[in-house]
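Asker: Just so we're aligned, residue 445 is where the sequence shown starts under the numbering used here, counting upward by one.
There's no promise every hint is true.
[To be verified] Cβ pair distances, simulated, as ranges:
hint, residue 1, residue 2, range
1, A648, V543, 43 to 51 Å
2, A590, A455, 33 to 41 Å
3, F524, H456, 16 to 24 Å
4, E485, T451, 18 to 26 Å
5, A590, E531, 18 to 26 Å
6, A585, E635, 26 to 34 Å
7, K497, R566, 40 to 48 Å
8, H565, S459, 36 to 44 Å
9, Q511, L537, 17 to 25 Å
10, Q498, A455, 23 to 31 Å
11, I541, P494, 23 to 31 Å
12, H565, V483, 41 to 49 Å
13, G595, L503, 42 to 50 Å
14, D587, E531, 20 to 28 Å
[Unchecked claim] Here are the simulated DMTMM-like pairs of lysine to aspartate or glutamate, each with C-alpha atoms no more than 25 Å apart in a straight line:
hint, residue 1, residue 2
15, K497, D522
16, K489, D500
17, K476, D462
18, K630, D647
19, K489, D462
20, K668, D647
21, K489, D544
22, K513, E534
23, K497, D467
24, K489, D467
25, K489, E531
26, K497, E472
27, K476, D522
28, K668, E653
29, K489, E534
30, K513, E485
31, K489, D522
Bear in mind the hints are in silico, worked out from the structure with no lab data behind them.
Idealized CB from N, CA, C, for every residue including glycine.
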Amino acid sequence: GDPGLLTLHAAHALSEADVIVHDALVNEDCLKLARPGAVLEFAGKRGGKPSPKQRDISLRLVELARQGKRVLRLKGGDPFVFGRGGEEMELLLANGIPVDIVPGVTAALGAAASFGFPLTHRDHAQSCVFVTGHLKNHTIALDWPALARPGQTLVFYMGITGLNIISSELIAHGLPSDTPAALIYKATLPEERFVPTTLANLDATATAENVRPPALIVVGNVLKLAGKGSAG
Numbered sequence: 445g446d447p448g449l450l451t452l453h454a455a456h457a458l459s460e461a462d463v464i465v466h467d468a469l470v471n472e473d474c475l476k477l478a479r480p481g482a483v484l485e486f487a488g489k490r491g492g493k494p495s496p497k498q499r500d501i502s503l504r505l506v507e508l509a510r511q512g513k514r515v516l517r518l519k520g521g522d523p524f525v526f527g528r529g530g531e532e533m534e535l536l537l538a539n540g541i542p543v544d545i546v547p548g549v550t551a552a553l554g555a556a557a558s559f560g561f562p563l564t565h566r567d568h569a570q571s572c573v574f575v576t577g578h579l580k581n582h583t584i585a586l587d588w589p590a591l592a593r594p595g596q597t598l599v600f601y602m603g604i605t606g607l608n609i610i611s612s613e614l615i616a617h618g619l620p621s622d623t624p625a626a627l628i629y630k631a632t633l634p635e636e637r638f639v640p641t642t643l644a645n646l647d648a649t650a651t652a653e654n655v656r657p658p659a660l661i662v663v664g665n666v667l668k669l670a671g672k673g674s675a676g
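I would like the entire structure built from these sequences, with the hints used as guidance.
Answerer: Okay, here's the thing in structure tokens:
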């Protein structure tokens with residue numbers, strides 16, 4: 445997202461790395477903070493398009509580290525929130541390579557701040573659940589009864605292709621069809637979009653508004669506060 449959301453640790457890592465292996469969702473302005481002479485390697489994975497396999501990316505990190513290079517694996521958002529950072533860490537540690545983890549601002553937090561709504565609020569949501577809308581086996585087999593409980597905010601990552609299933613399952617398990625929902629495209633970037641709708645109309649709205657990945661789906665009454673404030 446916005447380079448201003450980088451932590452100081454992340455900015456320092458960019459200035460020190462010999463090689464930066466980065467994802468497709470990394471803002472190019474962030475890469476401008478790389479030290480002169482650093483090598484930039486693209487390792488982006490985009491749904492439905494030719495992409496490097498996760499195993500190959502992890503092995504590449506091992507290979508670069510064994511060459512004695514200081515390697516930065518740069519992801520959009522936070523590497524441990526649906527970012528496969530845990531898988532990469534496991535393989536590196538199994539090969540005796542030390543790893544430092546730098547936390548980032550995950551997409552849900554950036555989106556909420558950018559469009560001025562809280563993820564939790566005493567009057568609207570006492571909990572917030574981050575959910576993947578795209579499991580490893582390409583299904584959306586989730587704990588729908590738990591997700592349909594009142595008093596919480598739901599944020600679905602990578603769920604645009606499963607909108608019909610998400611809305612129909614949540615409604616079938618008791619969440620009102622008129623529950624506020626929103627589709628948020630490229631949060632915190634100049635081309636960001638906030639598309640309000642309801643739970644029942646998620647799929648139709650995405651089609652009508654031509655919302656494509658990368659986008660988040662947010663469901664919950666906290667969206668009634670959207671636009672009341674915004675990120676600085």
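Asker: Each hint should be assessed against the structure and marked as holding or not.
Answerer: Hint check results:
no. : hint                     : verdict
1   : A648 to V543: 43 to 51 Å : 44 Å, holds
2   : A590 to A455: 33 to 41 Å : 38 Å, holds
3   : F524 to H456: 16 to 24 Å : 19 Å, holds
4   : E485 to T451: 18 to 26 Å : 22 Å, holds
5   : A590 to E531: 18 to 26 Å : 25 Å, holds
6   : A585 to E635: 26 to 34 Å : 33 Å, holds
7   : K497 to R566: 40 to 48 Å : 45 Å, holds
8   : H565 to S459: 36 to 44 Å : 38 Å, holds
9   : Q511 to L537: 17 to 25 Å : 18 Å, holds
10  : Q498 to A455: 23 to 31 Å : 27 Å, holds
11  : I541 to P494: 23 to 31 Å : 28 Å, holds
12  : H565 to V483: 41 to 49 Å : 45 Å, holds
13  : G595 to L503: 42 to 50 Å : 44 Å, holds
14  : D587 to E531: 20 to 28 Å : 22 Å, holds
15  : K497 to D522             : 20 Å, holds
16  : K489 to D500             : 12 Å, holds
17  : K476 to D462             : 14 Å, holds
18  : K630 to D647             : 18 Å, holds
19  : K489 to D462             : 22 Å, holds
20  : K668 to D647             : 20 Å, holds
21  : K489 to D544             : 23 Å, holds
22  : K513 to E534             : 19 Å, holds
23  : K497 to D467             : 12 Å, holds
24  : K489 to D467             : 7 Å, holds
25  : K489 to E531             : 15 Å, holds
26  : K497 to E472             : 22 Å, holds
27  : K476 to D522             : 19 Å, holds
28  : K668 to E653             : 20 Å, holds
29  : K489 to E534             : 19 Å, holds
30  : K513 to E485             : 13 Å, holds
31  : K489 to D522             : 16 Å, holds
In this structure, none of the earlier numbered hints is contradicted; all agree with it.
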